[in-house]
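Colleague: If you want the building blocks of each chain, they are given just below.
Number of protein chains: 2
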Amino acid sequence: MQWTKVLGLGLGAAALLGLGIILGHFAIPKKANSPAPSISAPQDLDLEILETVMGQLDAHRIRENLRELSREPHLASSPRDEDLVQLLLQRWKDPESGLDSAEAFTYEVLLSFPSQEQPNVVDIVGPTGDIIHSCHRTEENVTGEQGGPDVIQPYAAYAPSGNPQGLLVYANHGTEDDFKELQTQGIKLEGTIALTRYGGVGRGDKAVNAAKHGVAGVLVYTDPADINDGLSSPSETFPNSWYLPPSGVERGSYYKYFGDPLTPYLPAIPSSFRLDLANISGFPPIPTQPIGFQDARDLLCQVNVSVYNRLELRNSSNVLGIIRGAVEPDRYVLYGNHRDSWVHGAVDPSSGTAVLLELSRVLGTLLKKGTWRPRRSIVFASWGAEEFGLIGSTEFTEEFFNKLQERTVAYINVDIAVFANATLRVQGTPPVQSVVFSATKEIRSPGPGDLSIYDNWIRYFNRSSPVYGLVPSLGSLGAGSDYAPFIHFLGISSMDIAYTYDRSKTSARIYPTYHTAFDTFDYVDKFLDPGFSSHQAVARTAGSIILRLSDSFFLPLKVSDYSETLRSFLQAAQQDLGALLEQHSISLGPLVTAVEKFEAEAAALGQRISMLQKGSPDPLQVRMLNDQLMLLERSFLNPRAFPEERYYSHVLWAARTGSVATFPGLSNACSRANDTASGSEAWAEVQRQLSIVVTALEGAAATLRPVADL
Amino acid sequence: MQWTKVLGLGLGAAALLGLGIILGHFAIPKKANSPAPSISAPQDLDLEILETVMGQLDAHRIRENLRELSREPHLASSPRDEDLVQLLLQRWKDPESGLDSAEAFTYEVLLSFPSQEQPNVVDIVGPTGDIIHSCHRTEENVTGEQGGPDVIQPYAAYAPSGNPQGLLVYANHGTEDDFKELQTQGIKLEGTIALTRYGGVGRGDKAVNAAKHGVAGVLVYTDPADINDGLSSPSETFPNSWYLPPSGVERGSYYKYFGDPLTPYLPAIPSSFRLDLANISGFPPIPTQPIGFQDARDLLCQVNVSVYNRLELRNSSNVLGIIRGAVEPDRYVLYGNHRDSWVHGAVDPSSGTAVLLELSRVLGTLLKKGTWRPRRSIVFASWGAEEFGLIGSTEFTEEFFNKLQERTVAYINVDIAVFANATLRVQGTPPVQSVVFSATKEIRSPGPGDLSIYDNWIRYFNRSSPVYGLVPSLGSLGAGSDYAPFIHFLGISSMDIAYTYDRSKTSARIYPTYHTAFDTFDYVDKFLDPGFSSHQAVARTAGSIILRLSDSFFLPLKVSDYSETLRSFLQAAQQDLGALLEQHSISLGPLVTAVEKFEAEAAALGQRISMLQKGSPDPLQVRMLNDQLMLLERSFLNPRAFPEERYYSHVLWAARTGSVATFPGLSNACSRANDTASGSEAWAEVQRQLSIVVTALEGAAATLRPVADL
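Chains as they are written, first to last, in UniProt numbering: chain A, 1 to 710; chain B, 1 to 710.
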């Protein structure tokens, strides 16, 4: 509460001084030049430092970062991407504002690009084979930034090349159900070109579903109803508004899995074993091409799609930087953002990179001045090749699996920092909820009024918690950004932070220029976040979370907040699956017991921590408790639970295809068992999945008990 | 050195006082009643306490323990086994000499027993179907302990029931090659009964190999040449010598895997999912029965084997007891021995249980007196149903996977404590070598002369180490006892300790009465270890190792001792596979680099530790280093490396079937690729296995670097 006032002053100062350094305004009692605290001292979160950091995170600097970052397209592995690697290294090695050390880690990964010689084409063909109309090969050069050799042609990465020709069939989202519906209507799908719109299912799924019905090629367009709140004329779209121009085309990866496609579970270093191209799974089976809604509207009858995509082995780098912890250097607070974009990527991902650079500058400056060094290590990461399938982050987790799994306190992801100006949006696992709440309660929300970020957030996303009453609602983590390998493969408590929309004002599926050549600096500066106050809000939120995680004596991970999730999964299972399971003589009793045991142990641990916090506990004692908190999430991993789901090992957050919102393994197995005629084997899998969850919960509860209890 | 003298005194005292308590002789400066050291104090190994423990470990008490433990047969899940659970609980809860707490953990597991109504029979059948000769159904009641209802009939646990009849074929060890050889000789195997002898391959493999050739039933006998140094007459065998009487039959489990057969990867608690019997893999495919050599000699021509084994779900318990650590209670030194025997099991396993009880008594007494409490927790385990396939220990690791994997410093196994009187024998992973050496150098060897256990050991098992010169040679850990789930499934540094033979005096495959009704107290008392000094030597060795691991400020795990192993694996790969791999364009270069990197990082870590030991390091700093040491072994686990080898995840110690003594995955894949005609896929697997090892070594090296290095 206290420092929201200081923050007001900070904003004024920043405005006055522009790029000037505003340190003087936050005169804090300067400590001696050497901060080196006695190593066992119970160094704790320093609220003065926190205030200083919050005050110094500068919207204007974020804006300047973004201008530089988004000046040129920086597709993964492009020369400009490589330039940005150097920019990050230079910033992180700066003697005045850099980190303790920084390094680039390079992988050789399989990417997919359109041919430079033969652009992909989509033509309407007349009855005699003549071309009646050709779709745009590039987006219209509206602002001067949509032209030039570095703007990559819209394409579906990893779609195979080929030039199918056939009748056009509109297939809605291209879901399994959409194609079944067409079949029911008597429409012949064999040999056709399916026109689908983005949304509903993953990009690659559209081609997978289509191919099952004999479809020869797939087009994917962006529907103005989904992205532009129905608006579609040039005068209503960028650069006249934030909406997508008619020629805009969403690029994207159509790969089903994540990580380098050639080296699953192995780091893509040059010496690693690589699959034969013929043995890769997860690529779209048929030629696929995205188009704009202008072209989609014009498409008629017979269409020819020519895709000339090529697979290439390319070098792609992660850049890592570290601030070494003063007391527990072997505990890592890991903060990551990807660097590569499809074109200029001002929003995706450079809004996040601009925030990353500002955060590292402010913390690096305090570090280099000798004012501060965190208790635990802080690791900053700039991931490469995220757009092609979270490749850089995944390879990193493969290369350093044990080191990261044993030592990482939490992973904080900021990909797109700002989708829009309305509210914070956080996805994360339950143990991070409390630290996010603590941080956001203390930061003023941008925009009118005097709300905290927390109080503003709760207006947009909220839920009624049986424990806390009305609270902001955290979303759950899917696999949409670089947090995926950390939560699903390594079992590290993770979160993803952004500012986002007021849903009462737009129904846009995502910000309209997503993955197009219109995602530029001016787009952000004029429409998304003029003044960059939402960027600053994200920087402050992330900064406060980083400091709380790295500096607090007791780790601010509240494991008992998992109890609500488990209870809700259990209730869903009881209500929506209970009768069905009973019919098959499967009891939920052991699951009930396991959830109750977890709840009791988590609550008891919480009480022990509260007791200890009242005294002056020994650093080693606190370390032991912190290890229990840090490692809880690992207990939910079982690498043998879902052998066919690559990387997914977290038995609570693995992908759920079943309709019941319960434990994913149980939900999915029930859904399959109910569908299938085969019977007993499918029901045995339901029982196996239930036992896997019970074992994980019982095992998790055991890790929360006093450490020397049997 | 100092306390070998004290030890002499201790031995005298023990002899004088018999069962009396000899504490007074080791008057140590008694500390105040509450030992509670300041929790952060660098509590370190106390040599006085070590001396006290060594002196108090009493051969006579071990003998009395053994007499009680082996008084009755205590087959897994039998009433007497249950009595011993109570005995352990009573000892471990004793107010004068017990532990902090003790508890039984019970699982419901699938065991296999001969039918009580219909004994298994092996008959020689005449041409008209008449029975010419029947094999013994029980062993001869030579000492009065081979009769009675609790002496289970010799049988092959988990062999299916059935009564095949056919011509007898002698098949040596029953290896794959043995059956191929018979086929080459033109001997028809279809429908025959194979007579095989123990040894050469695992028990269950004999039936698996036989069934592949159409053999209908398998007999397995103990050959006097293998077990009795050729002697076979009653006058030359027990009770006149340690050799096996003609009627003796080795029982044993014929299950291929370990753990409860119905619940792989899940704890066998009542609620866990259980496989359908039809889906169990790893049981012998055809009826199998073990017999004695007396009967084996008499077998002729047509034989009928009737097996009536039955599978039963039974309760089997582990008993766990703990001494809570004073400073780092969340670090566990785990010491285990199984409790169940086939019959009286005086050697297997009660020699180990007798030692376990004496160790817990001595440490428990110091604890209860308030003289001592270890820095870390010590956990004692009495495993159930080991004989059926390491079932109790495996279920325990399944139930408490994360807790154990995160916190266990090392696992020490003593199964059979004493095979014979000649020398120590230790199997273990490299990080435990140094602590075993340190302990054994300070303990006097039993028997004549004034050698240390170490100096005696080196006379029997030694190797020339490039680093240390001539040293005792540690064997590697297979899957022969309860250490298997700890090393292979959890990646915990493990060791197995016993006293064993002078190989110049006997070629017995194992002690001759192994798994027979002749393995009794008198057998041990008269032939194996009169005076129980070898038992005492094992108790002292294990006791010293436990104290060193639980009390030393710096963990005595020397990770750089892995370098020798890696180097030797690498050299074997280069010498014996290099040319072959080159032919297939597979380079060992990355492996060379990875081994070198490991060596360098391990050496550097060793140096950092040495430096730190010279100062007065902070407990938290030491904890961080100790975590690196403790967790190194985990880096070698990859649960996706050998998907078909149940539980085996350790990429250095998984079962090796290939002939080249290198990394098992590489050795096995090369062997298969070389055998197979299929070609490219098999060679891709070689490359994959090589990358798995390289990734593990690089990952391991990364965990050894300074913790805040990128």
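Check each hint, because a few of them may be wrong.
Stated by the list, open to error - Residues from chain B that face chain A, not an exhaustive set, calculated with beta carbons under 8 Å: (1) I131; (2) L189; (3) G325; (4) V327; (5) D330; (6) F401; (7) E406; (8) S507; (9) S552; (10) S691; (11) A702.
Said to hold, decoys possible - Taking beta-carbon pairs under 10 Å as the criterion, some of the chain A residues facing chain B (in silico): (12) K212; (13) V327; (14) S377; (15) Q628; (16) I692.
Simulated from the structure, these hints should not be mistaken for lab results.
No experiment lies behind these values; they were computed from the predicted model shown.
Glycine included, C-beta positions come from ideal geometry on N, C-alpha and C.
Colleague: So, for every hint listed, does it hold in this structure?
Modeller: So, going through the hints one by one against the coordinates:
1. I131: violated (43 Å)
2. L189: violated (35 Å)
3. G325: Check passed: Cβ of B:G325 comes within 7 Å of chain A, closer than 8 Å.
4. V327: holds (7 Å)
5. D330: holds (4 Å)
6. F401: holds (6 Å)
7. E406: holds (6 Å)
8. S507: At 42 Å from the nearest chain A Cβ, B:S507 fails the 8 Å test, so the hint is violated.
9. S552: violated (16 Å)
10. S691: holds (4 Å)
11. A702: OK, holds: B:A702 within 8 Å of chain A, min 5 Å.
12. K212: violated (27 Å)
13. V327: Where the cut-off is 10 Å and the nearest Cβ of chain B is about 7 Å from A:V327, the hint holds.
14. S377: Where the cut-off is 10 Å and the nearest Cβ of chain B is about 5 Å from A:S377, the hint holds.
15. Q628: Hint holds; A:Q628 Cβ to chain B Cβ min 8 Å, cut 10 Å.
16. I692: It holds, given that the least Cβ distance between A:I692 and chain B is near 7 Å, below 10 Å.
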